[in-house]
Amino acid sequence: MHRRYFYLLAALALAGAGSVSASPARLLEAPAPDFALRSLSGSNLRLSEYRSEVVIVNFWSRWCGKCAAAMSTLESLQQQYADAGVRILGVAVEGKAEKAAATMAELGLSYPQLLDSTQQVSRDYDLSRLPATLVIDREGTVRFVYQGSDAADAAALAANVNALLAE
Amino acid sequence: MRNQKEVSDMIRKLLGGLAAVLLLHTAAADTTTAADMAALDQRTQSLKQAVLDLNRELFILEEELLYPANTQVSVFVSMDVGEYFALDSVELTLDGKDVSNYLYTEREVDALYRGGVQQLYLGNLKVGEHELVAVLTGEGPHNRDYRRGASLSFEKSIGAKFVELRITDSEAKMQPEFVVREWE
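As given, the protein sequences belong to chains A and B, one line each in that order.
FYI, the numbering for the first sequence is 1 to 167, going by the numbering used here.
FYI, the numbering for the second sequence is 1 to 184, going by the numbering used here.
Isolated chain B (complex conformation) (with noise of 0.2 angstroms):
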């Protein structure tokens, strides 16, 4: 019985010798007639396609090695509308460690803006009790720099952890507001 790591170097090997095989592929193409071509380039375009979809596997796998379901935790941001907040960065801690500080690009607000969700940290906790604080920082209302905290005390069971930073508008409060929750 092979185990995942196993498997995992094998993945390589094999992404390593389509590679290869590839390369090969080009080099025999300026000896093939025309209509080989054509022949060969689905054949190609078939094995990029293959090579594709074990890298992604190998992706999923590795993620799995290394962040295993009963110790994971994912935390994500989202942004609704934005009105009252134009984000700059976000420092995440855990547990009273600095484990993510990240600053936006304008792009990267303009996707979070769209609907996109961003996967801002990917790690492992043991079970038990655990603290997250997000401190956010931006432009506010009137142009004015902006710096804002939120936290959320959670139970770490057996299973994965997802929990969600949601930056919403208050219409009511004409001010952003900073959501932690967790997905269930």
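Chain A on its own, in the form it takes in the complex (with noise of 0.2 angstroms):
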């Protein structure tokens, strides 16, 4: 099954081959695009509903090894700015319930995990790497992307929010 979302993120990668912005990179300084999936918890959660709250978006998968650290970073996040204004949503691009739900609590994680069941937001975001972290403003536009083991660095991304919900 691994191997048929290896596939999956090499397909996106090459479908993009031949411009230089196919990567979730492109999407700097320009909306996000929304998007509606349903959580582990059972409710569906839409991006668009958080404007107006800095929302960082982490796509990741049980197989992919950088994830976990990745994740383990937005968790301390979560609880150091809960309280702040700062939404953290994960999307696991297998869209796999009960793996999803087994790797948040071996990682004891507390934020929502929404699942990509189909794929298309993944697409969307024109994905070629994970762990791949968007950070969104107020206003719902991306203004900061971090890919592979650059998306486990804490401070860059606290300095980041802090800048972000200081605008």
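Mixed in with the good hints, there may be bad ones.
[As the list claims (entries may be wrong)] Derived lysine to any residue pairs resembling SDA-like cross-links, with alpha carbons at most 25 angstroms apart:
#1 Lys99/A x Asp145/B
#2 Lys96/A x Asp98/B
#3 Lys48/B x Thr33/B
Worth flagging that the hints you see were computed from the coordinates, not collected in a lab.
Predicted, not measured: the structure shown is a model, and the values here were computed from it.
Two chains, two separate frames, one set of hints: put the complex together.
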């Protein structure tokens, strides 16, 4: 099954191979594509409903080695910024509820996990590497993108979140 | 005679120009006295209002261009009471083709409960017979998963067509009811 998602990401990357912008980085300073996804708790969440808050969206998969570190970083940010107007959303690109629940329990995550069961949102965000973390400002514009091991850089994330909160 | 596309482009340019003027006003504010500030602020507010008005007109114009009245079809969702059904999603097909698959958040469902009407789909259809099928999922009586379809065959004539998907409670059956109807 892991291979299936590897092929998915490879196909997504190849689809944009002709352009430099085939990654979430092309969304920098652009409006974040809106989406509505089912969460592990059963409720549906829509990104645009968090306008006026700083939103961090983290795309991850269970088979991605660096995702756990990034998610642990985000959990510590969640504890730090829970009451400061920062919303963290995890998006499981595999879209499997059982696997996402298991990961959530293993890592002790408290922020909502959404299931991208059709991988449509992953396509909309041009995912080519995991983990991918996007920081979206209060106006709904993508301001920072972290991919791979950069997504676990807690200091950089916190500094940029602070800057957006101060705007 | 300018066509609608040119008018649309002109409005876009005008909006850009007004935005630039607003920026210039903001920059100029640094060098003006406090007495001038009130007048400047008033002018800025009126310019902002002009931008908002133009933006609204542009939206209407774009909609008229993309969905001309003779082909336009709109599907709306409304809900009355909702005691026996908590809406989760609506899948919409027109003539067998998926046109919308919408997930509802708590906030959206609450807005529908409070009388809101949502435009679920806006598209174009040629004149003639068409079939619309809506599949609704959610939580029904006794917290059970609920999935129900509703369909409507309708004749598209010259002029915009408005279809409403209405969710109501049947007190007699203690079940939700789904009705698809055309607006006159």
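Hints, one by one, checked against the model:
no., hint, verdict
1, Lys99/A x Asp145/B, "holds, 23 angstroms"
2, Lys96/A x Asp98/B, "holds, 24 angstroms"
3, Lys48/B x Thr33/B, "holds, 22 angstroms"
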